[in-house]
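Student: Listed below, chain by chain, are the residues.
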Amino acid sequence: MSETGSHENVSDEKLPSAQENGHGAVATANDPFADPGLPPHEPRIQDIDEQAAKRSERVVAMLFTVSMLATLGFIASFVTVPVDKYVHIWPIGNIGALNFALGMTLGVALFCIGAGAVHWARTLMSDHEMVDERHPVAAEQETRAKVMEDFQEGAKESALGRRPLIRKTMFGALALLPLSGVVLLRDLGPLPEDKLEHTLWAKGKLLVNENTHEPLRPEDISVGSLTFAMPEGLEEDDEEFQKEIAKAALMLVRLEPEDIKDKRELDWSHEGIVAYSKICTHVGCPVSLYEQQTHHVLCPCHQSTFDLSDGARVIFGPAGHALPQLKISVNNDGFLEAQGDFEEPVGPAYWERRA
Amino acid sequence: MSTASESTATKRQAPAGERVADWADGRLGIYSLAKANMRKIFPDHWSFMLGEVALYSFIIIILTGVYLTLFFHPSMNEVEYHGSYVPMQGVRVSEAFASTLDISFDVRGGLLVRQIHHWAALIFLGAMFVHMMRVFFTGAFRKPREINWLFGFLLFVLGMFTGFTGYSLPDDLLSGTGVRFMEGAVLSVPIVGTYLSMFLFGGEFPGHDFVARFFSVHVLLLPGIMLGLLVAHLILVFYHKHTQFAGPGRTNKNVVGMPLLPVYMAKAGGFFFLVFGVISVISATFTVNPIWVLGPYRPDQVSTNAQPDWYMGFSEGLIRIMPGWEIHLWDHTLVLGVFVPLMVFPLVLAAIAVYPFIESWVTGDKREHHIADRPRNAPTRTAFGAAWIAWYTVMLVGGGNDLVATHFDLSINSITWFVRIAFFVMPVVVFFITRRICLGLQRRDKEKVLHGRESGIIKRLPHGEFIEVHEQLSQEQLHTLTAHDQHKPYEVGPETDENGVQRKVGRGQKLRARLSKGYYGEQAQIPKPSAEEYQEITSSHGHH
Chain A
1 MSETGSHENV
11 SDEKLPSAQE
21 NGHGAVATAN
31 DPFADPGLPP
41 HEPRIQDIDE
51 QAAKRSERVV
61 AMLFTVSMLA
71 TLGFIASFVT
81 VPVDKYVHIW
91 PIGNIGALNF
101 ALGMTLGVAL
111 FCIGAGAVHW
121 ARTLMSDHEM
131 VDERHPVAAE
141 QETRAKVMED
151 FQEGAKESAL
161 GRRPLIRKTM
171 FGALALLPLS
181 GVVLLRDLGP
191 LPEDKLEHTL
201 WAKGKLLVNE
211 NTHEPLRPED
221 ISVGSLTFAM
231 PEGLEEDDEE
241 FQKEIAKAAL
251 MLVRLEPEDI
261 KDKRELDWSH
271 EGIVAYSKIC
281 THVGCPVSLY
291 EQQTHHVLCP
301 CHQSTFDLSD
311 GARVIFGPAG
321 HALPQLKISV
331 NNDGFLEAQG
341 DFEEPVGPAY
351 WERRA
Chain B
356 MSTASESTAT
366 KRQAPAGERV
376 ADWADGRLGI
386 YSLAKANMRK
396 IFPDHWSFML
406 GEVALYSFII
416 IILTGVYLTL
426 FFHPSMNEVE
436 YHGSYVPMQG
446 VRVSEAFAST
456 LDISFDVRGG
466 LLVRQIHHWA
476 ALIFLGAMFV
486 HMMRVFFTGA
496 FRKPREINWL
506 FGFLLFVLGM
516 FTGFTGYSLP
526 DDLLSGTGVR
536 FMEGAVLSVP
546 IVGTYLSMFL
556 FGGEFPGHDF
566 VARFFSVHVL
576 LLPGIMLGLL
586 VAHLILVFYH
596 KHTQFAGPGR
606 TNKNVVGMPL
616 LPVYMAKAGG
626 FFFLVFGVIS
636 VISATFTVNP
646 IWVLGPYRPD
656 QVSTNAQPDW
666 YMGFSEGLIR
676 IMPGWEIHLW
686 DHTLVLGVFV
696 PLMVFPLVLA
706 AIAVYPFIES
716 WVTGDKREHH
726 IADRPRNAPT
736 RTAFGAAWIA
746 WYTVMLVGGG
756 NDLVATHFDL
766 SINSITWFVR
776 IAFFVMPVVV
786 FFITRRICLG
796 LQRRDKEKVL
806 HGRESGIIKR
816 LPHGEFIEVH
826 EQLSQEQLHT
836 LTAHDQHKPY
846 EVGPETDENG
856 VQRKVGRGQK
866 LRARLSKGYY
876 GEQAQIPKPS
886 AEEYQEITSS
896 HGHH
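As given, the protein sequences belong to chains A and B, one line each in that order.
Reading the first sequence from the start, the letters are residues 1 to 355 in the working numbering.
Reading the second sequence from the start, the letters are residues 356 to 899 in the working numbering.
The reader is advised that the hints may include incorrect statements.
To be verified - Per label pair, the in silico range of CB-to-CB distance:
| # | chain 1 | residue 1 | chain 2 | residue 2 | range |
| --- | --- | --- | --- | --- | --- |
| 1 | B | ALA371 | A | GLY181 | 49 to 55 Å |
| 2 | B | PRO678 | A | HIS88 | 38 to 44 Å |
| 3 | A | ASN332 | B | ASN660 | 41 to 47 Å |
| 4 | A | LEU289 | B | THR642 | 33 to 39 Å |
| 5 | B | ARG722 | A | ILE45 | 54 to 60 Å |
| 6 | B | PRO678 | A | LEU188 | 29 to 35 Å |
To be verified - Facing chain A, from chain B, some residues (calculated, C-beta under 10 Å):
| # | residue |
| --- | --- |
| 7 | PHE460 |
| 8 | LYS498 |
| 9 | PRO545 |
| 10 | ASN609 |
| 11 | VAL618 |
| 12 | VAL636 |
| 13 | THR659 |
| 14 | ALA661 |
| 15 | VAL699 |
| 16 | LEU702 |
| 17 | ALA705 |
| 18 | LYS803 |
| 19 | VAL804 |
| 20 | HIS806 |
| 21 | SER810 |
| 22 | LEU833 |
Hints listed in this document are in silico derivations from the structure and should not be mistaken for laboratory results.
The beta-carbon is built from N, C-alpha and C at its ideal position, and this holds for glycine as well.
With the hints as constraints, model all of the structure from the sequences given.
Tutor: In structure tokens:
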């Protein structure tokens, strides 16, 4: 056990004083935990054996060369591999050949530069540890006093303290000015008004199958299936299609009328067919997982679960209220039609929403 | 003239590089900058490269992001897709979606750059996260680095939002669902929620504006702020000089390591290429965000297993586990079921942002700290950090409750209930377990210092007893294991002064004393071995 070790780069008189604040342990002659100072430098094989150093040099040069070749490979792949060619590569499976070729060559080109540089630094550059002194961040008392004095002087010369009229009006002007910026933001969008309370549904609107675009008849809806519908007249290439479908999306299921526990639900249904908003009352995902045995629907986003046989009340998850029901019936031609709009806003709850 | 010819003579002698440097120094003063920094010493430890990974992935994101803007159309105008991806032919999609398909299928190398951009973003956030953990658990946030801690924290939070606005841009089914979630959360804000939503989306959701608006936030506003913060962060790293672990020759007043030129130039510069290379290989082999599988966004459609990118997962957990409370008052609705998670979200993050200030208040420590703590030597801090990570992890599990349910064949309802309870219980349990582990490790260190290292050599004594020979630690090891600070709990002092008069003790002071006792009381640290203890043991029964 060497008692002192080497102190290279650290002058002896610095050590004890450096200890005091740093660790609380005061280095004295009989302190067994005293700082022995930096250990002596241990040479690497490359430091003493020129052959080993030469080998390192060759490894670094080889890595840089591989990188050059990989870059050439990148350019060659770009030019020769068609963009729509697919290859099977174990264990990944079928992937785009160009993406794979470009990514691998680029990866190798980059990685080899990095590996070469790091190997160079680790084996051939000096690994003698060196010491820098630290200096406290805070300024000396003298500097501090000078700054304070300068500030007082400047503040006094500005007369800001002595002339309250200037001070107050200046603060007033600076405080008001940002309002212009706030006002400019007003036209980011329209006011909410009652936009969130209405959908495209209205009395007499036919229920159109979302997939076939045909008006639905009661017999199209079999027990146990889940059918999605949208209001007649809404077309996918409408300018406002996304906005309207975000509110009007409807799901239909047929229940046995005796299974319907909620009286209003039964009244608003037709031959056991019930129509509910498809938009979850939590944060607006489309509810779309239907379990026919239990008549539950589950929102795949946050797992709110609604009981369609009981007024679509929430039976699990983070939704706060039931899905709104649409009152439906059949018109003279035998097509399902709405009896009006939803009676409450669809989708997530918000401040102005009446319970 | 002689003077002119003299100066041209010296110019001719100096190499070109030197002349350029002289020219620049005459205008920029680069020599004094170089004098202070060219041979600046950086200490070495594997954990110091975590921040480097974050820095380099940020640079990679900027490089690839600029490329992507050359091909991406930030517009929600509807077009019919007629690119080379056959399954989507003739489908009505937004220009944003169509141009992302073009980048993926028609631009050569476009898919690679897109994948590198996304992978680098995931790694950027991950690297910042573990870098923060490194700084936290070693106490490297202490004076004088508290402000740099805040800079780093802001980078992390802004990185989250830059990521979110970024992956929302392709206007695909998955990201649209995420944007809808955000809209629902905005709507829950009392009084102004509907207004905020209308202003954000230029009308009702989804409107025609959000891709263009998110685009300028994603490529200009947030990265601009982040670049500024990043530069400030690095300047402060240079200015403060890096922390180092305790060891022989390493004190609070020096920094021991290798110089920037050449060692760290080569190592750190090389490391950039290593990070970039690895991300390229990942991008060549693992597909991230295949929007062509997901399809364009429609508000009435959704895919199962919808998940945000990992760094948003904990907010997803908050929203999933919160019970659906709504309070109805005077024809208005207070949507607690969504608004509470929306408020807890920043609180979870703020808890970690303010920690340095809480700790320095409790310790009352005004000194500069440049020696990094070993986590075990700050048991209460380590326990807080571990508790926070446990909390965060619980929320992540909550955010992926559907995946947990399908992968492990568990009931989603029981997972949700488990997470609801664990949200409150888990951090407390982890806190106490972690602190115990730290104390156990401190005891082992003390044991090692006093009795030496177990050598693995078994000795048979003359009377037949077997003992293991313990080997004395070297001076270096003894010093390293005893170099850490041990704080004494802050005390309020006697209730009466020397004249028996009641002293005024504020409530804040009492709280501080109690917290300080919790931090540094007998239950929270094992006293370091003292020199006397050591000498007594080593002299009385020597080696055993």
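Student: Each hint needs a verdict: does it hold in this structure or not?
Tutor: Hints versus structure:
1. ALA371/B with GLY181/A: 49 to 55 Å: Between ALA371/B and GLY181/A, where Cβ atoms are some 51 Å apart, the hint holds.
2. PRO678/B with HIS88/A: 38 to 44 Å: violated, 49 Å
3. ASN332/A with ASN660/B: 41 to 47 Å: holds, 45 Å
4. LEU289/A with THR642/B: 33 to 39 Å: violated, 26 Å
5. ARG722/B with ILE45/A: 54 to 60 Å: violated, 42 Å
6. PRO678/B with LEU188/A: 29 to 35 Å: Given a distance of about 33 Å, which is inside 29 to 35 Å, the answer is holds.
7. PHE460: holds, 7 Å
8. LYS498: Holds, because the Cβ-Cβ distance from LYS498/B to chain A comes to roughly 8 Å (cut-off 10 Å).
9. PRO545: holds, 5 Å
10. ASN609: holds, 5 Å
11. VAL618: The hint holds - VAL618/B has a Cβ within 10 Å of chain A, the shortest such distance being about 5 Å.
12. VAL636: holds, 4 Å
13. THR659: Since the shortest Cβ distance to chain A is 4 Å, the answer is holds.
14. ALA661: holds, 5 Å
15. VAL699: violated, 13 Å
16. LEU702: Check failed: Cβ of LEU702/B comes no nearer than 18 Å to chain A, outside 10 Å.
17. ALA705: violated, 23 Å
18. LYS803: violated, 13 Å
19. VAL804: holds, 8 Å
20. HIS806: For HIS806/B, the interface hint is violated, since the closest Cβ of chain A sits about 13 Å away, which is over 10 Å.
21. SER810: violated, 14 Å
22. LEU833: Holds: closest Cβ of chain A sits about 5 Å from LEU833/B, inside 10 Å.
In terms of the numbered hints stated before, the structure departs from hints 2, 4, 5, 15, 16, 17, 18, 20 and 21, listed from lowest to highest.
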